[in-house]
Amino acid sequence: ATGPTLAASAQQAVGDPMILEPRPWSTKLGYPVAFKPYGQPSPFEANLQRRQSPGLTQTTQASVSFAPLQGFFGIITPSGLHFERHHQGWVDVDPEQHRLMVNGMVEEAKVYTMDDLMRLPSVSRIHFIECGANTGMEWGNAAVPTVQYTHGMLSCCEFTGVPLKVLLDDCGADIKNAQFVLAEGNDGSSMTRTISMEAALDDVLVAWGMNGEMLRPENGYPLRLVVPGVQGVSWVKWLRRIEVGDKPWNSKDEASHYVDMMPDGIHRQYTSIQECKSVITSPSGGQALMGKGFYNVSGLAWSGRGKIKQVDVSFDAGRNWKTARLETPVLDKCLTRFNIDWVWDGSPVILQSRATDSTGFVQPRYRQLREVRGTRSTYHNNAIQSWQVAQSGEVFNVQMD
Amino acid sequence: ATGPTLAASAQQAVGDPMILEPRPWSTKLGYPVAFKPYGQPSPFEANLQRRQSPGLTQTTQASVSFAPLQGFFGIITPSGLHFERHHQGWVDVDPEQHRLMVNGMVEEAKVYTMDDLMRLPSVSRIHFIECGANTGMEWGNAAVPTVQYTHGMLSCCEFTGVPLKVLLDDCGADIKNAQFVLAEGNDGSSMTRTISMEAALDDVLVAWGMNGEMLRPENGYPLRLVVPGVQGVSWVKWLRRIEVGDKPWNSKDEASHYVDMMPDGIHRQYTSIQECKSVITSPSGGQALMGKGFYNVSGLAWSGRGKIKQVDVSFDAGRNWKTARLETPVLDKCLTRFNIDWVWDGSPVILQSRATDSTGFVQPRYRQLREVRGTRSTYHNNAIQSWQVAQSGEVFNVQMD
Amino acid sequence: DNAAATKYGVGRPATETELKAWDIDVRPDFKGLPKGSGTIDQGADIWDSTCASCHGSFGESNSVFTPLVGGTTLDDIVTGRVAALTGGGQPSRTTLMKVPTVSTLWDYIHRAMPWDNPKSLEPDEVYAVLAYLLNLAEIVPSDFTLSNENIAQVQEKMPNRNGMKSWEGLWKVDGKPDTGNVICTSDCVTADQPSSTLPPQARNTHGDLAAQMRIVGPVRGVNTQAPALS
Amino acid sequence: DNAAATKYGVGRPATETELKAWDIDVRPDFKGLPKGSGTIDQGADIWDSTCASCHGSFGESNSVFTPLVGGTTLDDIVTGRVAALTGGGQPSRTTLMKVPTVSTLWDYIHRAMPWDNPKSLEPDEVYAVLAYLLNLAEIVPSDFTLSNENIAQVQEKMPNRNGMKSWEGLWKVDGKPDTGNVICTSDCVTADQPSSTLPPQARNTHGDLAAQMRIVGPVRGVNTQAPALS
Ligand code: HEC
Ligand code: HEC
Ligand SMILES: [Ca+2]
Ligand SMILES: [Ca+2]
Ligand SMILES: [Ca+2]
Ligand SMILES: [Ca+2]
Ligand SMILES: [Ca+2]
Ligand SMILES: [Ca+2]
Ligand SMILES: [Co+2]
Ligand SMILES: [Co+2]
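Protein chains in written order, with the numbering used here: chain C, 1 to 401; chain P, 1 to 401; chain E, 1 to 230; chain U, 1 to 230.
So here's chain C without its partners, still in its complex pose (with noise of 0.2 Å):
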């Protein structure tokens, strides 16, 4: 009858040091205001950072860096863990030096500088990002260990900008003979897509806000292209020019990357919408979880198609599901954060979340998704991840057929 326990409660009877004893913190004055005219998140949050994936890529130029997606919460990305892919790395553009060109068919090619854009009847949205090759390693089989790896290319802001829709009027772009419209950089690579006419007359900006400031240097400041729903490479960064014309131009990264390999060998080209997709970030790969009993699961949803419909969760690797709670807003083309209660009972399990968009499109498994498109296809990976929790509580990564 004498033992830890009996110690433990009488330890407990007097009470934790963090309140016993006073904390440095409460028994002190604290720093001033603006003390940092821009803020920083706390020291005790450096874990969460953007990562490179080892070995993914030859170059750190060419290359991408994962948003922590373990750590988030809602629906907005911070902007400094932003996920990243550049082409030719990331440059810092004078905002007084940049201008857009229009160009192509049209009745007058026109020169704007930043001030005249920032003239215009702006709109804001908030919009989902992601690039077309996330969960691109996960194709074949499970092969990285986080959800930073697995889903880290994506990211959602609030975009402030003009309607493209708007410059191309502006210009009188020949919108009956012209079905395509050339988003070019003003980076190294000078990145060039082909945006399709529909997307371009319906929700496409040329941006320069991001979550309330200038878009950052890593996301295209001063400009960049935001295309909802459509594969982040076609989000051009350090826009300088759009061309109107009636064909596709085949850009390099049309004709040789963001080209999708079916089983026959034969590419998919323009591939450009983000179908639904979900993934729980919370518990995920990596991660263990400290004890039995209550969880609150959480997660994401988002389809280039619309709205989030739907969120099911599994705690039975598919046998059985249960439909989430989802927070709102619940917006077009936008991240939706969904929560589940959940108890766990220490046994191994195995957790599922299925997303249903607002065209009623569910997102696959991965034996639907591989019947279709093979295993090597690289791009547009949104089928249904499952996390093994094992009976100590750490988190794999594993994939459900």
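No lab work stands behind these hints: they were computed from the structure. Keep in mind that the hints are not guaranteed to be accurate.
[Claimed, not checked] Capping the alpha-carbon separation at 16 Å, the derived lysine to aspartate or glutamate pairs in EDC-like fashion look like this:
#1 E:165 / P:264
#2 E:7 / C:345
#3 E:20 / C:21
[Unchecked claim] Some chain P residues well away from chain E (every beta-carbon gap over 10 Å; in silico):
#4 29
#5 123
#6 136
#7 174
#8 176
Built from N, CA and C at the ideal position, the CB exists for glycine as well.
Based on these hints, arrange chains P, E and U with the ligands on the given structure of chain C.
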């Protein structure tokens, strides 16, 4: 016939050196990914900082730094530019050492670690936070030059946390007899504020997340109360305790500050809710328009009582009004961005915005506010803001009765 | 074993010692007030050594904060309304002109003062220094010992005890607004001229505004080191 | 005087010189292709001095990027389909195994290569170095001069020119999905075991995961320098 016009047009025929002479960023290899594991704004944006208003406070730790609203887009406030208001400085709390106690009229007083709290069912919502003293310097007369100082004790973020109701239930709070909760911080001042049980059971959150990551230290890391619609001082930072009670506490900031003095010398207490208000942020005081012509006039509207229903803008000092476009989403107790087209003909003009919320309340004119509340009540100045555009294009802060 | 614990199983009961450590709030009805007492003499020593550097020897300083003491009269102590709040004589509203409840001061000094060393005062010390402040305002006589026993009587002498009212209009979600406007869209009544314009000297009190605004865009910050644009 | 200018009055007409400077894109139908030509010999010099350091002497290197050349056959040049894409022999998909249009290479080399000095090549130099690459893949003979006149004929020999199709399902907003699932909620068909689990060695390839996750919260990063938890 020979003169600057011809020279300019000859130069024009050649073109802009910004286009003709390749810029360094388009002829070099850029920086690698994850060069900044946690990214920063462009150095060209360095002017946009949180700033103090000289002479407003006697110390820098019981003070305020204002958010640069003049540079913001959309509704999300970048976390690094969130306004600050501290009473005893801000502190850097170790989240592993942080505790939340719930006591008072509960079945069982309890202590939670951050680990405990973050296991509970959480929600994410976008809300504005406005200091009750925002625009306080303007009660008597036009006093400060820019919107950063007139309205910059205002921010809007996505918050994530557990509903306070979940904790009250978890401790078995006596909701029938208790009418109030006390929230207490863990900084030097251990700030206390009385919250109505009505709010506590409705939409109050015990939050750790802000804009997708943990709260910033200046904003209460690791835990703050989020009291939608209610003045910022009630959003207790570094939250360490919740007490359930049957009477209000009359804490220092409910008995000496954040009390509104009426013309008869009587102070109103427990004036929590921030009523419907709006302001044009571009153009605004201290700015100059770059010549005649088209402008996108942009601003913010909000109400602590619900959603924004309508914002009207006047370009003639309040004689005639046009309804502005509202950006989506329009959310409860959240900033709403409005935009409206305007062509400036170069003559002097006064700009105003007037918001209406979902309760039908219309933002008052200065005369309407002062008729009831006089000019010395410090808090809750939600009068219509006027910006006077001089013929020079320079914009001045003025007040219209 | 509470129902809640069964539901989520997180958190644990607070111990008595923990409650004692943190449950320090004092309400207007003196719930939470610890026993103790202190004399004005004791208070004067504490004040001079620990408080006066910021608040001034008589609580009159406004160098680090607005004055604590001043602006109240013996008459106010009788009426419970500070007359100077309606007159215009007093340059600033001191703490004792506003605070209606003595509990507020006890609670706040105990939790937050001295500012640079908060939570360092024992209850007896708080009684003493508060007694000193109350005596400065002539609310209590100079031989007074303030204690948990007599503090309720002191409350009856607080100069502004009747000077505040709880305002439901801004407390309840459906509170009735006391101001408002109507939507008028054309030919609305309005003044011809601004009732107030930014004083010319205030244009530059916040520094060079050009350095506080974005360097590109539809509008630019004005260099307020130079005269107004013309 | 366009209608648009009347509306917003911002922006200005682009000049011919400006258009020439920036309108550099080359389409599959060779719209935008500047006149010029280059021989394989010229190309070899440029290649060796300017490209080989990254891409290897024969475009075979994968040290800074996947190989440009390799994996295509004379047979592919006839069929316009790269057979190795269906077989499994070739370790990686080279550029010339994929790119269907020669315009793509001209355009991209001209705008972006050499990687560390982009936009430094004149059109003739681009023709030359592209000719060199095409010759490495045996698409053109070694005495070939590539020019704007004959590039359309070279297009007819691109090994994978028939190997791509435009996929409307993921291009049009109302494109028809080629995959999908149905909502099943109970007793759904599912495999008993994972079809793939993270290989044990992959648990640690990304470093210590405990250092990549928040230090508080419901879950913690696992120290993957140590063996798996048990
Ligand atoms: C280092 C400076 C400093 C010292 C020392 C100090 N104070 Fe203060 N005191 C302040 C400041 C600054 C404030 C205002 C804090 C705020 O804005 O919330 C304040 C506020 C107060 C208030 C509340 C006034 C009001 O109207 O809100 C009281 C009462 C008070 N002090 C009493 C004391 C006493 C008693 C002591 C000594 C035991 C003391 N102070 C020591 C700086 C100081
Ligand atoms: C300093 C290194 C470097 C040099 C020098 C260089 N390249 Fe490259 N090259 C790269 C990298 C890295 C990429 C991939 C860029 C990306 O991911 O978008 C690339 C891509 C390419 C591609 C496109 C391949 C594809 O499938 O996308 C071609 C063609 C090419 N280079 C040709 C050349 C030629 C011709 C030269 C010389 C004139 C050259 N390169 C010089 C590094 C280099
Ligand atoms: Ca208490
Ligand atoms: Ca003592
Ligand atoms: Ca400038
Ligand atoms: Ca062109
Ligand atoms: Ca040359
Ligand atoms: Ca730890
Ligand atoms: Co990509
Ligand atoms: Co405040």
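task: Just pull the numbers of the violated hints for me, sorted ascending.
output: Result: no hint breaks.
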